[in-house]
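J.: Spelled out from the first residue to the last, the chains are:
There are 2 protein chains.
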Amino acid sequence: MNHSHEGFHNLRNVDDALARFLQSVRRHHIETEGLMIPRALERVLADDIIAKTEIPLSNRSVVDGFAVRSADTDGATETSPVVLRIMGESRLGEACRGVVKPGGAFAIATGSIVPKGGDCVVPVEEARELAEREVALSMSVKRGQNILHAGEDIAHGKVVLTKGCRLRAQDLGVLKVLGIKNVRVMKKPRVAILSTGSELVERLGSRASNQIVDINRLVLAAKVRQIGGNVIDLGIVKDRKELIINALGKAVKSSDMVLVSGGSSVGQRDLVPSCINSLGRPGMLVHGVAMRPAMPTGLASVGGIPIISLPGFPVSAMFAFLIFGSPMIAKLSGGKPVPEARVRANTLRPIKGVKGYRTFVRVALKNTASGFVAIPVDSQRASVMMSIVAADGFVVVPETTGEIPKGSLVEVTLLT
Amino acid sequence: MNHSHEGFHNLRNVDDALARFLQSVRRHHIETEGLMIPRALERVLADDIIAKTEIPLSNRSVVDGFAVRSADTDGATETSPVVLRIMGESRLGEACRGVVKPGGAFAIATGSIVPKGGDCVVPVEEARELAEREVALSMSVKRGQNILHAGEDIAHGKVVLTKGCRLRAQDLGVLKVLGIKNVRVMKKPRVAILSTGSELVERLGSRASNQIVDINRLVLAAKVRQIGGNVIDLGIVKDRKELIINALGKAVKSSDMVLVSGGSSVGQRDLVPSCINSLGRPGMLVHGVAMRPAMPTGLASVGGIPIISLPGFPVSAMFAFLIFGSPMIAKLSGGKPVPEARVRANTLRPIKGVKGYRTFVRVALKNTASGFVAIPVDSQRASVMMSIVAADGFVVVPETTGEIPKGSLVEVTLLT
Chain A
1 MNHSHEGFHN LRNVDDALAR FLQSVRRHHI ETEGLMIPRA LERVLADDII
51 AKTEIPLSNR SVVDGFAVRS ADTDGATETS PVVLRIMGES RLGEACRGVV
101 KPGGAFAIAT GSIVPKGGDC VVPVEEAREL AEREVALSMS VKRGQNILHA
151 GEDIAHGKVV LTKGCRLRAQ DLGVLKVLGI KNVRVMKKPR VAILSTGSEL
201 VERLGSRASN QIVDINRLVL AAKVRQIGGN VIDLGIVKDR KELIINALGK
251 AVKSSDMVLV SGGSSVGQRD LVPSCINSLG RPGMLVHGVA MRPAMPTGLA
301 SVGGIPIISL PGFPVSAMFA FLIFGSPMIA KLSGGKPVPE ARVRANTLRP
351 IKGVKGYRTF VRVALKNTAS GFVAIPVDSQ RASVMMSIVA ADGFVVVPET
401 TGEIPKGSLV EVTLLT
Chain B
1 MNHSHEGFHN LRNVDDALAR FLQSVRRHHI ETEGLMIPRA LERVLADDII
51 AKTEIPLSNR SVVDGFAVRS ADTDGATETS PVVLRIMGES RLGEACRGVV
101 KPGGAFAIAT GSIVPKGGDC VVPVEEAREL AEREVALSMS VKRGQNILHA
151 GEDIAHGKVV LTKGCRLRAQ DLGVLKVLGI KNVRVMKKPR VAILSTGSEL
201 VERLGSRASN QIVDINRLVL AAKVRQIGGN VIDLGIVKDR KELIINALGK
251 AVKSSDMVLV SGGSSVGQRD LVPSCINSLG RPGMLVHGVA MRPAMPTGLA
301 SVGGIPIISL PGFPVSAMFA FLIFGSPMIA KLSGGKPVPE ARVRANTLRP
351 IKGVKGYRTF VRVALKNTAS GFVAIPVDSQ RASVMMSIVA ADGFVVVPET
401 TGEIPKGSLV EVTLLT
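Residue numbers (the numbering used here), protein chains in the order written: chain A, 1 to 416; chain B, 1 to 416.
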């Protein structure tokens with residue numbers, strides 16, 4: 001037995017730790033793949049998309065009404081309307097070869113092409129059809145009014161979407177309009193996940209007394225998939241140096257990033273950091289972060305592959321992932337940063353953290369007449385899994401103050 | 001030709017329209033299905049989950065250190081430590097049959113079972129091993145300290161997750177810990193999607209002049225899938241009453257909700273509302289909402305199936321979906337409401353809406369040293385598709401004021 005009596009005396013600030021971790025990954029080339037449009041939803045675009053056509057292709061009406069020459073509507077009012085002759089109709093889905101001559105009007109539906117000669121559209125609400133194919137217009141309309149001109153939505157040559165954007169529903173729509181059927185997207189980063197601990201099992205057997213069900217792989221895999229990574233599940237590894245080195249070696253070779261949970265605190269079984277260091281350079285970058293939970297988090301890099309040594313408690317592993325894993329996966333995805341949305345909530349009591357540590361306080365949200373109220377869940381212990389199950393989100397208590405006063409408006413990051 | 005000269009003179013307020021629409025759906029029984037745990041991510045739980053075991057099963061240490069009797073540590077300090085005899089070790093993954101007798105200590109790792117007799121754990125940082133299997137403890141520890149007691153995380157019989165919650169990664173974790181392999185979840189609502197318009201095509205052919213590529217089905221399908229619905233794509237239907245009635249009839253029979261875009265404004269081709277009314281009761285509930293874009297939105301219900309008649313412009317269709325479709329799908333999913341997260345941003349100029357209309361102003365977010373700035377995108381016209389492609393989100397300008405003053409802090413809902 002060789003008990004280390006060293007605590008984490010050199011805790012690193014969260015921001016410094018994250019910056020150092022992100023910088024450790026060389027800007028490697030991200031591989032790309034081609035995908036059909038519908039399948040590219042939420043994927044990161046690998047090229048700028050430049051319009052090779054214009055949208056719309058012709059001048060189109062944006063209202064139901066009558067295409068006319070604006071000069072013909074001069075002075076028209078409700079009490080003294082202008083009467084024009086209905087010369088034809090521009091029908092949706094049909095070519096319109098007519099020409100709007102002076103004194104003439106074409107009936108037109110929203111989205112239909114404005115016939116030649118017409119330079120504006122009088123809305124149907126301002127038009128009254130008379131007998132004998134005539135229409136009385138009660139409003140003067142300016143040149144260009146109620147028309148979407150050719151190329152006004154998308155001009156030929158316009159950069160419509162840029163490399164690194166995450167494709168949303170409407171982005172797929174614009175690709176379809178431009179006649180694009182396939183796009184190149186970044187390949188998803190492959191994230192290897194393993195758990196260490198001789199106590200860990202997939203499910204409790206008959207010798208249940210001192211075993212613990214490993215849930216970190218399941219939870220981390222779900223989180224990785226939610227934010228756009230592919231998972232390589234490397235299972236549970238017993239607390240033996242040669243087994244851990246072997247598993248981590250495999251992980252580094254087969255993936256773009258490694259998440260290894262367990263064995264991270266300073267104590268008898270702290271094999272993971274030394275195993276990481278024995279794998280290659282630079283090895284451990286950070287061991288111990290001034291945060292609660294997840295203080296014993298280790299951040300490392302071996303041969304350009306980032307490795308996070310996550311504490312074994314599921315609550316700690318979750319926060320080590322959210323604070324360090326999630327931004328790293330975003331970087332490896334090649335995507336631009338997406339603003340993080342939060343819920344604003346009131347506090348009824350002070351929210352207490354631990355001074356000197358950035359504290360992630362798990363809260364439930366209660367909807368009241370005066371907005372949301374954030375209520376810390378009963379136990380904030382890292383060992384109590386229910387603290388992330390009962391919580392809707394978390395509040396960040398700064399290390400400088402260690403407390404958020406009662407009555408504050410706080411921002412709650414949802415645990416989704 | 002029978003041009004209607006009626007505008008939307010009776011626009012309904014957004015909140016009233018939504019309330020009426022949601023109330024129109026009878027509280028029907030939602031069918032359920034059984035799923036294996038990993039596949040149940042983001043699905044809506046159909047039953048309460050009650051713990052049939054306790055977690056942890058035994059008292060466990062939450063630190064690396066020594067399990068002792070608290071009375072034995074009384075008065076221990078750094079300068080006058082208490083020396084106890086090391087009687088054994090509680091190893092992870094192995095049963096521990098030893099008993100902590102007075103004057104004795106067991107080495108113990110985080111997560112390991114506290115041997116009988118031990119009622120607290122002294123952290124390794126406060127312990128110094130001496131020769132001859134003795135340990136000097138420099139701190140007195142209270143009964144129960146550094147122990148997670150049996151059932152302290154989850155007590156037997158506790159309701160761990162409630163019906164209607166959307167299963168997150170950590171929720172799957174707690175199910176696994178409880179030994180649950182399958183859960184019953186709500187079946188996803190089936191959403192039928194069709195587009196009407198004789199001008200619509202899947203892609204432009206040679207007769208491109210007056211055709212428009214239908215993107216609403218693609219965009220709406222992606223949105224529906226993102227929020228947890230299944231899509232039934234019923235394609236494009238020409239502007240003929242019998243075809244639309246036929247397609248809507250099929251849609252209502254095969255789905256839990258119908259999205260039909262196009263033909264919604266008051267004009268020559270406005271067939272959809274009359275077709276809906278001819279299908280059954282109550283038919284159209286709302287036609288015309290005091291909002292921009294998507295003013296011509298229609299909300300209907302036929303035989304208990306909600307129908308949204310969305311305007312044809314993709315921008316309008318998107319907002320009709322976000323404001324009315326999304327909450328209805330949430331209701332049909334059987335899930336509890338999830339708080340909507342937003343980004344806070346500053347404004348540099350006034351953000352203008354249209355007084356009397358709730359205006360959804362599309363904005364790009366710019367990250368600056370003093371936080372995000374929301375900048376309205378160039379064109380706010382419903383006919384300009386780029387206004388939802390260039391936008392990161394939208395700001396709601398209230399109907400009462402029609403404007404948000406410059407320098408305001410606004411909440412931006414992300415268009416994800």
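Note that these hints are calculated values from the structure, not bench results.
Treat each hint with caution, since some may be false.
Claimed, not checked - Lysine to aspartate or glutamate pairs mimicking DMTMM-like chemistry, simulated, CA-CA at most 20 Å apart:
| hint | chain 1 | residue 1 | chain 2 | residue 2 |
| --- | --- | --- | --- | --- |
| 1 | A | Lys187 | A | Asp47 |
| 2 | B | Lys181 | A | Asp15 |
| 3 | B | Lys406 | B | Asp378 |
| 4 | B | Lys238 | A | Glu403 |
| 5 | A | Lys238 | B | Glu89 |
J.: State for each hint whether it applies.
T.: Taking the hints in turn, this is what the structure says about them:
no., hint, in the structure
1, A/Lys187 with A/Asp47, "holds (13 Å)"
2, B/Lys181 with A/Asp15, "violated (39 Å)"
3, B/Lys406 with B/Asp378, "holds (17 Å)"
4, B/Lys238 with A/Glu403, "violated (63 Å)"
5, A/Lys238 with B/Glu89, "holds (18 Å)"
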